[in-house]
Amino acid sequence: MQYLVSVITDTTDNLATPDEDAAIDVFNERLQADGHWVFAGGLGGPDTATVIDNRGAEALFTDGPFVESKEFLIGFWIIEAPDLDVALKLAAEGSKACNRKTEVRPFL
Amino acid sequence: MSVTDVREAISRAHHEEWARVVAALTGRFGDLDIAEEAAAEAFATAVERWPADGVPPNPGAWLTTTARRKAIDRVRRENKRVDKQKEAQLMYDDPPEPPGLIDDERLRLIFTCCHPALAMETRVALTLRMVGGLTATEIARAFLVQETAMGQRITRAKAKIKAARIPYRVPSAADLPARVSGVLAVLYLVFNEGYLATGPDTDPVRHDLTAEAIRLTRLIRALMPQDGEVAGLLALMLLIEARRTARVSGSGELIALDEQDRGAWDAALITEGHRLVRERLATGAAPGRYQILAAINAVHTSARGVRDTDWSQVVALYDQLVRLDPSPIVALNRAIAVAELDGPQVALAAVDRLEDKLAGYHAYHATRADLLRRLGYGQQSRAAYDKAIDLAGNTAEITYLTRRRDQLG
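As you go down the protein sequences, you meet chains A and B in turn.
Quick note: the first sequence uses the numbering used here, first residue 1, plus one each step.
Quick note: the second sequence uses the numbering used here, first residue 1, plus one each step.
A couple of the hints might just be wrong.
Using C-beta positions, here's what the derived DEER-type ranges look like [to be verified]:
#1 B:R275 to A:V67: 51 to 61 angstroms
#2 B:R323 to A:A22: 29 to 39 angstroms
#3 B:D342 to A:A22: 38 to 48 angstroms
No lab work stands behind these hints: they were computed from the structure.
Quick reminder that beta carbons are idealized off the backbone N, C-alpha and C, glycines included.
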């Protein structure tokens, strides 16, 4: 079973500090060693987003994120876990490592 | 067997076997929705068949087997083809289970319904439905929400449990204390809603809810007899429940502890509660929150009259509780005991310090009103009663506070 662990932030200086980077590296290595690792990545902030709507006759491009909010997605992990208890534990460790909130959702 | 006997047998089976049937089917089919529906159908079949066929010698086994057949019918309907071998397995084989810390499927069911990934109100609803066997209609009525909204809440919870794969198991030893306290919080909330029901259209005391909370806590106690906080919560509920009939007058007014007819207290419940408290004290283990609250209630229920109450013991227990739970509500209750020990002046000073945190809580104003009245500050007392009445949600309490206010000179 795979889960998406989203990293949520509310600060405009989106970059991780060196300490946070180091903690994230340690956590990533553990995910890989324990067989939980699928994929992970950091994202640019909402300022770098473009929304595309190609449901109509021609594609519409809009500058900015699809929803303006105080908190936003800044990175994610995709993890392999047998159940939500394991996923929540890993997401809690991830939150500690990157020093931000995380959200867990199952892949269907 | 008379019709009444059969009806009683069905109602008893519902109380005793519902959780077991749902738990067994959830274990077998790995799906709460299938388990719930099949259990409900099995009980409906019992209502249809038992009056004619008689009550089976082992109602629980009959209900489980019937529910299992219903569940297989549903799986077959939905999957069109279930292979014969799998079907036989679902029907008869007991899959080998690794021996858990506590081996009872009902416990797994309780821990699943009270999972921390679910909202508190959802945990309450799901526990009452899956473990308690209450219908969505009954739960909706108990918590004053629309029936459709309650139905949706339960449906969404089942969908989340399935999609996010909330595990169906008793947590590991390391996680157990935190998870047990989560379960107890759900049961205490159900009990409190029954004990001090909110809303203008409900009875001031909802015995159905307090009784259900006690029944479920007894079940957990039977499953986890070594857990001190489980024993503590059961003792606490019993000692509060014992005073239920003395707590509200014939005219629907709340009767405060000092004015209650202690002869009307339920002696059997008090004896049982006291026994549990003594049993916990004898272990010498450091008590948790519920055990301390139970001990406080044991002091109250040991006194023949309010004057005989050992208030220094009550305050000492509150001191112990404050160290575990420094919440303003605990501090408020401690101050009420302090008023009896050191007088209303000392207590009022302590209560006034809580204003920032408790200005929106009716009991804060009710306590101040009472202390101000005792100190002879009539006008300030009246203003505090007004605020308390504004904020209170329980009809019996509002009646009591109104009388107290109107008795001020």
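Original post:
Is 29 to 39 angstroms a correct range for the gap between the Cβ atoms of R323 (chain B) and A22 (chain A)?
Top reply: Cβ of R323 (chain B) to Cβ of A22 (chain A): about 38 angstroms, so the range 29 to 39 angstroms holds.
Original post:
Is it true that the C-beta distance of R275 (chain B) to V67 (chain A) lies inside 51 to 61 angstroms, as the hint says?
Top reply: Once the Cβ atoms are compared, 58 angstroms apart, the range 51 to 61 angstroms for V67 (chain A) and R275 (chain B) holds.
**OP:** Look at the Cβ atoms of D342 (chain B) and A22 (chain A) and judge whether their distance stays inside 38 to 48 angstroms.
**Re:** Given range 38 to 48 angstroms: violated, Cβ gap about 55 angstroms.
Of the numbered hints stated above, the single one contradicted by the structure is hint 3.
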